[in-house]
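Fit chain A to the given chain V structure using the hints.
The listed protein sequences derive, respectively, from chains V and A. Our numbering puts the first sequence at residues 1 to 164. Our numbering puts the second sequence at residues 165 to 613.
Be careful, since some hints might not be right.
Simulated restraints on C-beta separations [claimed, not checked]:
#1 T67(V) / A362(A): 37 to 47 angstroms
#2 P136(V) / F255(A): 29 to 39 angstroms
#3 P542(A) / F58(V): 13 to 23 angstroms
#4 E56(V) / K512(A): 53 to 63 angstroms
#5 G565(A) / Y148(V): 16 to 26 angstroms
#6 R520(A) / Q30(V): 49 to 59 angstroms
What the hints contain is simulated information worked out from the structure, not anything from laboratory work. Model, not experiment: these values are computed from the prediction. Note that CB positions come from ideal geometry on N, CA and C, so glycine has one too.
Here are the chains, one letter per residue:
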Amino acid sequence: MIPLPPLAPPGVLTDEALACDLACFPTPEQYLELVAAFKADGFEMCVDVCGVDYLEHFERALPAGVTPTRFEVVANLLSLSKKQRVRIRVQAGSDSPRVPSLFSLYPGTEAPERETFDLFGILFDGHPDLTRILMPEDWEGHPLRKDYSVGHIPIQFKEAPGPR
Amino acid sequence: MSDTNRVAERPDRLTGETSEGAQELVERVATSTDELGREVGAVLRLDGVTLDPREIDYERHDDETMIINMGPAHPSTHGVLRLMLELDGEFVLRTKVVIGYLHTGMEKTGETLSYVQGATNVTRMDYLSPVINELSYSLTVEKLLGVEVPARATWIRMLMSELNRVSSHLVWMATNGMDLGSTSMMIYGLRERELILAFFEKTAGLRLNLNYVRPGGVAADLPDGWEDDIEVICNTIEERTYEYDQLLTGQPIFRNRLIGVGAITAEEALALCLTGPLLRSTGVPWDLRRSMPYLAYDQVDFDVIVGTYGDNFDRYAIRLNEIRESIRIIRQCVEKMPSGDYRSQDPKVTPPPRARIGESMEALIHHFKLFTEGFHVPAGEVYSAVESPRGEIGCYMVSDGGPKPYRIHVRAPSFTNLQAMPLLMRGASVSDAITMISTVDPVLGEVDR
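In isolation and in its complexed conformation, chain V is listed as follows:
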């Protein structure tokens, strides 16, 4: 079991946000170990896993030593005994984002990770059933990516010219 690292100074967090929770910035390699350490430290629940696509804000404020990548995976841990939250932000990669799955530690992250895969295309290693969950199985692309156009699917009206 690794000792918990000193929490990195949060980058863009406002003071107000800091009052309620802490953020850490592990690399994908350290991610699982860090979460395991937090779990051993009394964080019983992983309430949420979601992704963020920083395509338009690649150069964002991050603590020193953290290399920004396009995709970030954000996991929110909750400790019922300490009444505390910790947010873990992993730089997941830019071209083929990939992080380890938390399923082995928190089975409840199964659906949120599937959702993140579905909407962002971030792969989770070790996930038991990484299929689309909200979009249809044969859907192409990942809708919450910033380069996924909102008007991507042409609506077919009668006698309209073909898709532009």
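Chain A in isolation, oriented as in the chain V frame:
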């Protein structure tokens, strides 16, 4: 053009290395061990995800069992929930929840709406507790903005969210009653809910998707004579909860359908990240109103209802008693309601009153800026959560300093709670499946967003 050519032209497609396969339940031979374990609800036995091999019957021939679909158009699935069940006669062996039939991309939509418009978007997610959705959204925006909300707005928000909790639980009582064959409960539950919806209409102008709680405060002050309306609502509903007791709680058929069915332990509930009545039914006293107080919940007196056995009856009893506790909170809100502004007077966040627009150039500019561009929110990212009738509803927001959120993610309690279905269903009969869906209380608008 053949299919192979199409794939070759699009090298960025991820199909090559993912199991972007069927979402449905498939034959046992075609399912991996981990996935199979999850479908039989065995993932939580022993430690973590260690599978107990005895739990899975690999030898089972597929022609002995039957895979059936329940939903997405089944009335008792509370929306468009689709369950795939593997049945051995009447008993459920494996369950898989298939969702996404109501997916409307609300998180994507949220990125194109300004912070002023955003509340209209989130209020449509969990359509049974719109006020609480708006609350979680507004608290998140306010946290990023650093806006101080007047005391009266805080108490109005509390009053409205407790009313909303009562109405949501009443709908649950109604639908749960109907799922178990008590059509009278259906009528009674919706009848009492109507009282609350009428009050919502009087206050906010709308019955369902209120758009009432907004960043900076609430949309309108409480109407004249609101204390009397609340008094009538509280007295009526509190009295009627005792009628429900007579109608359902002691009713032998109802009890037999619920007691001991779908029992889960606290460890299982924690591992599956369940929140709300599902978690509390296992005896974990976790209610964000008490544990991590927001608004002014630390200034009111109420009890957190917990169960013992984690079965369906506990979940029923918790919801019934939470109605009573909410009414206690509502009465205290009426008592302690401070006077003052119902929204922040910061002109950058709150539109000016109508009368000011005609006489003040500055008010006109503020009004115009607010409704065309919206206000700018400092860059940052924040997660904040509140207790909805179904569990923890959280909002994760990333702002880049512009007038629209860069990313808005809603942590929907029903979405996570649905993961408990395979575990609850394990070994239960098909008729109990209806009860399980009902006691998990999913709202599909929120699940699929």
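Checking against the hints above, which ones are violated? 1, 4
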